[in-house]
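Chain order of the listed sequences is A and B.
Counting from 0, one number per residue, gives the positions in the first sequence under numbering that gives the first Met the number 0.
Counting from 0, one number per residue, gives the positions in the second sequence under numbering that gives the first Met the number 0.
Heads up, a few of these hints could be off.
[Unchecked claim] To give an idea of the interface, some chain A residues facing chain B are shown, with a C-beta separation under 8 Å as derived from the structure:
1) Arg16
2) Pro186
3) His206
[What the hints assert, rightly or not] In silico lysine-lysine, DSBU-like type, Cα no more than 30 Å apart, as pairs:
4) Lys86(A) / Lys139(A)
5) Lys52(A) / Lys143(A)
6) Lys470(B) / Lys414(B)
7) Lys73(B) / Lys216(B)
8) Lys52(A) / Lys430(B)
9) Lys269(A) / Lys181(A)
10) Lys490(B) / Lys86(A)
11) Lys453(B) / Lys291(B)
12) Lys86(A) / Lys430(B)
[To be verified] Listed next, with one range per pair, are the computed distances between beta-carbon atoms:
13) Asp164(A) / Glu406(B): 28 to 36 Å
14) Glu406(B) / Lys146(A): 33 to 41 Å
15) Ala107(A) / Arg140(B): 36 to 44 Å
16) Glu136(A) / Asp510(B): 34 to 42 Å
17) Asp246(A) / His485(B): 48 to 56 Å
18) Gln497(B) / Leu283(A): 30 to 38 Å
19) Asn40(A) / Gln497(B): 43 to 51 Å
20) Gln632(B) / Ser111(A): 37 to 45 Å
It is worth saying that the hints were derived from the structure and are not from the lab.
For every residue, glycine included, the Cβ atom is placed at its ideal position computed from N, Cα and C.
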Amino acid sequence: MKKLAYYPGCSLKGTGRAYDESLRAVFEVLGEPLEELDDWNCCGATSYMSIDKREAYALASRNLALAEREKADLLTPCNACYLVLEKTRRHLADSAEMGHRVRRALDAVGLSYEGDVRIRHPLEVLTRDVGEERIKEAVKEPLKGLKVAPYYGCQIVRPYATFDDQYHPQTMDRLLKATGAKVVPYPFKTRCCGASQTGTLPEVGLHLVYRLLNEAEARGADVLAVICPLCQFNLDAYQSQVRREYDLEPIPILYFSQILGLALGIPAKKLGIDRCVVSANRVLERRAAHAA
Amino acid sequence: MLREDGFGSGSTRDRAVDGATVNGDAPLTNGNPPIRIGVYVCHCGTNIARTVDVEQVTEKAGELPNVTVARDYKYMCSDPGQEMIKEDIEELGLNRIVVASCSPNLHEETFRGATAAGGLNPFFFQMVNIREHASWVHEDRESATEKAIDLVRAAVQRVRHHRALETRRVPIRPEVLVVGGGIAGITAALTLAHAGKHVYLVEREASIGGHMAQFDKTFPTLDCAACILTPKMTQVKAHPNITLMTMTDVVKVEGFVGSYEVTVKHRPRYIDVSLCVGCQQCIDACVYKRGKFEDEFDVGLSKRKPIYLPNAQAVPQVVLIDPEQCIQFSSGKCKQTCLEACDRDAILFDQEERVETLEVGAIIMATGFQTFDARRSPHYGYGIYPNVYTALEVERLVNASGPTGGEVVLRDGEKPTSVGIVHCVGSRDQKTNPWCSKVCCMYSLKLAHLIKEKTDAEVYNFYIDIRTPGKGFEEFYQRVAAEGTHLIRGKVASVYQQADGDGELLVDVEDTLAGMVRRIPVDMLILAVGLEPRADAEEVRRTFNITCSGDGWFMERHPKLAPVETFTDGVYLAGCCQGPKDIPETVAQAGAAAGQALALIDRAYIELEPNTAHVIAEDCSGCKTCIPLCPYQAILHDDAENRAEINEVLCKGCGVCVAACPSGSIVQNLFEDMEIYEEIEGVLAYA
């Protein structure tokens with residue numbers, strides 16, 4: 000496996016800290032400890048791209064240049080970072096003009112980028128490079144009986160489906176199955192979580208959150224597994240608000256890496272499970288019950 | 000000297016200088032009259048003129064040595080265009096002709112004809128392709144024009160060295176090979192056989208009939224497909240002029256128009272076809288008490304045994320054994336109950352593959368299509384939810400001889416109460432196939448009608464556009480609409496199974512006519528899968544040396560005027576291998592392909608290019624270098640004279656010997672050294 004430079008992005012240093020903690024712990028246990036990219040900067044997120052493309056590409060490409068200097072690929076857990084960096088990588092490869100402008104910008108700060116960096120997601124690395132077999136072997140506390148609904152969100156499969164199916168992604172399903180959990184059929188796995196509309200247009204955003212939660216409940220899921228800090232935030236932090244308007248049972252929202260970590264026997268505290276707004280105690284209880 | 004006679008329209012402009020002695024060039028052929036070249040630059044409507052400045056090309060051509068006249072014209076291939084060449088030859092005493100227009104594939108014959116009509120040997124002509132090689136592939140007018148001038152200069156320099164040549168006549172074999180035994184191949188084979196020609200009909204499956212045999216009714220008349228197809232299938236079997244070969248693949252094609260040598264491989268069916276009468280007692284006797292393996296003809300909706308009849312109407316009506324599934328082949332320890340049951344001793348476990356060579360004059364490709372694999376569009380749920388079907392599966396369900404005897408029931412045996420039909424699955428979709436598959440609208444309406452008739456279910460058609468361009472098609476659409484089928488204009492976004500809905504599916508769809516998004520529950524969802532080239536089309540294309548268009552369909556010689564010919568002489572196309580078609584269109588095209596093949600073979604001979612090689616006896620040292628290199632065994636060594644001799648009947652003009660000859664004593668007509676050198680010089684001379 001080519002060396003990986005871990006690019007947490009801003010969310011994983013803030014609201015998504017549990018994602019950062021659990022990923023580091025999981026990769027550590029699997030014998031592939033994460034090394035953070037030195038001096039990384041903001042990816043620009045989706046908003047910068049719509050304001051000034053040239054500056055947005057230049058900003059994002061700095062991270063590609065830093066990784067290239069390390070002869071590493073970027074490991075990018077946040078869906079938004081993943082999309083922006085992947086889009087930048089493709090655009091620089093396809094557009095000679097933009098490539099030229101960006102190279103000039105990089106040159107000004109003594110950097111260069113030749114196009115030799117892949118953007119990789121933990122789901123891809125864990126299924127392809129590490130492999131389910133190694134993960135199954137490392138599972139210490141199988142999550143037998145835990146019913147998980149896998150929710151991928153939009154940016155990891157649209158518009159580019161780089162490592163999984165666009166409409167019917169499977170990589171997280173496979174990882175969750177490797178933990179011994181039961182993956183329930185969840186047809187809304189790539190539908191919208193409301194994104195920033197939970198804040199700007201709550202009547203639209205909250206309804207979208209409701210639909211996802213309601214479907215998970217209808218499928219009998221104990222927990223929703225997510226891979227994006229914004230999805231996690233919407234489904235978790237807005238859940239009480241949604242429940243005020245709709246008749247729903249509370250359901251914990253965990254990063255797939257937290258669930259994987261529990262199966263690998265990593266203490267809940269180290270996985271940031273206590274950072275959830277909606278209590279994940281029912282997941283922990285199930286693990287405890289199984290251990291006993 | 001400027002000529003001022005005009006050719007009527009005034010669109011013809013002379014840019015001519017009498018070039019016989021221009022620049023003081025000496026005549027090139029000692030003792031022969033001086034070279035007088037006519038150059039004609041075609042606009043091809045705007046195809047060339049839009050990007051290439053044809054007037055400038057003509058002007059530059061007029062300034063070249065030996066050019067007597069240079070003209071441009073809107074359509075050189077038209078009658079007036081050809082007439083212009085003829086008259087110029089007669090009036091200006093031209094003795095070489097250059098036409099700068101399209102590909103020689105299209106019009107070399109036309110202009111050679113015009114050259115001959117003017118009284119010259121047709122090989123005093125050279126064609127320049129400034130359409131495919133310049134105007135169509137470039138955007139910059141200036142450089143495209145420069146390139147056209149370079150190409151014209153090359154041809155002018157080359158044509159000066161052309162010699163008078165005679166075409167060769169070779170006989171055409173009257174037999175025809177038809178590849179593929181669907182309705183296209185069957186129609187072509189029968190047409191040729193009725194005309195008294197012998198046909199080899201090669202089919203890779205165990206029975207002929209193709210996709211049409213799987214269908215229930217045909218749109219828009221609702222004729223029973225089997226009722227109209229089966230008689231044709233049996234006619235094929237019975238016709239004395241047709242040799243039917245099933246389970247046979249074409250592995251090699253050699254030769255050329257008029258005399259193709261085709262190597263075919265007969266895969267073993269482990270049954271003596273001449274003995275088996277299709278009584279099926281062997282199937283009853285098989286150690287498998289009931290079917291265990293997916294039946295291909297029923298698209299997996301029923302099970303069959305390892306020994307089976309391809310389908311009830313199969314032609315030939317002969318069983319076969321699948322060696323991958325039969326216990327005798329896997330373990331060698333079967334009780335062989337089938338063998339005992341067969342009182343005609345037709346079962347041959349040790350039958351082997353057999354290779355045979357066929358000699359034919361023409362070939363008709365009728366290799367058909369495959370349906371789009373619905374798993375490639377997983378948002379429609381095929382392969383994920385059991386109640387999502389492909390249209391081909393439903394054809395089998397509604398068919399009286401199908402797995403349910405014509406009952407439309409779900410996999411659990413229940414009758415559906417609401418059925419959705421999604422149009423354009425794998426068609427008109429940038430992610431999968433961009434083309435319209437042409438037949439899906441009509442077959443979807445047909446299935447809607449049949450399902451309504453058989454189940455009284457609510458039927459929803461989800462369509463982008465309804466396309467009904469055919470005789471009686473629009474009327475059929477109106478009829479189905481009047482029957483109460485729901486027609487919802489919009490693309491289906493997603494399909495999923497309800498959490499507690501007993502397999503019920505929810506279809507999320509935009510209804511663009513109502514201006515809303517709808518969620519429609521159905522028990523059964525049918526995907527109107529499109530048509531696409533067969534997975535091995537590329538391999539087949541190579542075997543037969545024909546071309547494919549970018550999307551993978553076999554390519555016709557001309558989209559309008561040569562729709563059944565290919566760029567390989569003597570190879571014709573019929574049916575869906577060339578693109579999506581319905582049955583009437585396929586039958587019409589198959590008839591046309593057979594007609595073209597007949598027109599070819601009834602001429603009895605073909606004229607071949609005189610592009611063969613010959614040895615200049617006094618220069619040959621008899622080193623024999625060329626002899627093993629010739630792919631056609633056309634070179635012999637004359638021991639008495641110690642020199643090589645080329646049989647011009649066998650020579651195909653590949654040029655290998657010419658390049659290899661150490662003493663340069665082999666010359667190839669139309670590719671003589673001087674012709675090539677001058678052409679290179681002409682294209683490189685930056686003027």
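Checked hints:
1. Hint on arginine 16(A) is violated. Least Cβ distance to chain B is approximately 33 Å, over the 8 Å limit.
2. Contact between proline 186(A) and chain B, as hinted, is supported at the beta carbon level, the nearest pair being about 3 Å apart and thus within 8 Å.
3. Interface restraint check for histidine 206(A): the shortest CB-CB distance to chain B comes to about 13 Å, outside 8 Å, so the restraint is violated.
4. Proposed proximity of lysine 86(A) and lysine 139(A) is contradicted: the alpha carbons are some 38 Å apart, above 30 Å.
5. Distance check on the hinted pair: lysine 52(A) and lysine 143(A) sit about 48 Å apart at the alpha-carbon level, beyond 30 Å; violated.
6. About 33 Å separates the Cα atoms of lysine 470(B) and lysine 414(B), which puts this hinted pair outside 30 Å; it is violated.
7. Distance check on the hinted pair: lysine 73(B) and lysine 216(B) sit about 50 Å apart at the alpha-carbon level, beyond 30 Å; violated.
8. Simply put, lysine 52(A) and lysine 430(B) have alpha-carbon atoms about 26 Å apart, close enough for the 30 Å limit, and the pair holds.
9. At roughly 24 Å between alpha-carbon atoms, lysine 269(A) and lysine 181(A) fall within 30 Å of each other, so this suggested pair holds.
10. Taken as a hint, the lysine 490(B) and lysine 86(A) pair is honoured in the structure, with Cα atoms around 27 Å apart against an allowance of 30 Å.
11. A hinted pair counts as satisfied when its Cα atoms are at most 30 Å apart, and lysine 453(B) with lysine 291(B) qualifies at roughly 29 Å.
12. For a cut-off of 30 Å, the pair hint linking lysine 86(A) to lysine 430(B) stands: about 18 Å separates their Cα positions.
13. A hinted range of 28 to 36 Å for the beta carbons of aspartate 164(A) and glutamate 406(B) is consistent with their spacing of about 34 Å.
14. A beta carbon spacing of about 37 Å between glutamate 406(B) and lysine 146(A) agrees with the range 33 to 41 Å that was offered as a hint.
15. The hinted window of 36 to 44 Å between alanine 107(A) and arginine 140(B) holds, with their beta carbons roughly 40 Å apart.
16. The beta-carbon spacing between glutamate 136(A) and aspartate 510(B), approximately 51 Å, falls outside the hinted interval of 34 to 42 Å.
17. Distance hint check: the CB atoms of aspartate 246(A) and histidine 485(B) are about 32 Å apart, inconsistent with the given range 48 to 56 Å.
18. Between glutamine 497(B) and leucine 283(A) the C-beta distance comes to about 31 Å, which sits within the given range of 30 to 38 Å.
19. Between asparagine 40(A) and glutamine 497(B) the beta carbons are some 46 Å apart, a value that agrees with the proposed interval 43 to 51 Å.
20. A beta carbon spacing of about 60 Å between glutamine 632(B) and serine 111(A) contradicts the range 37 to 45 Å that was offered as a hint.
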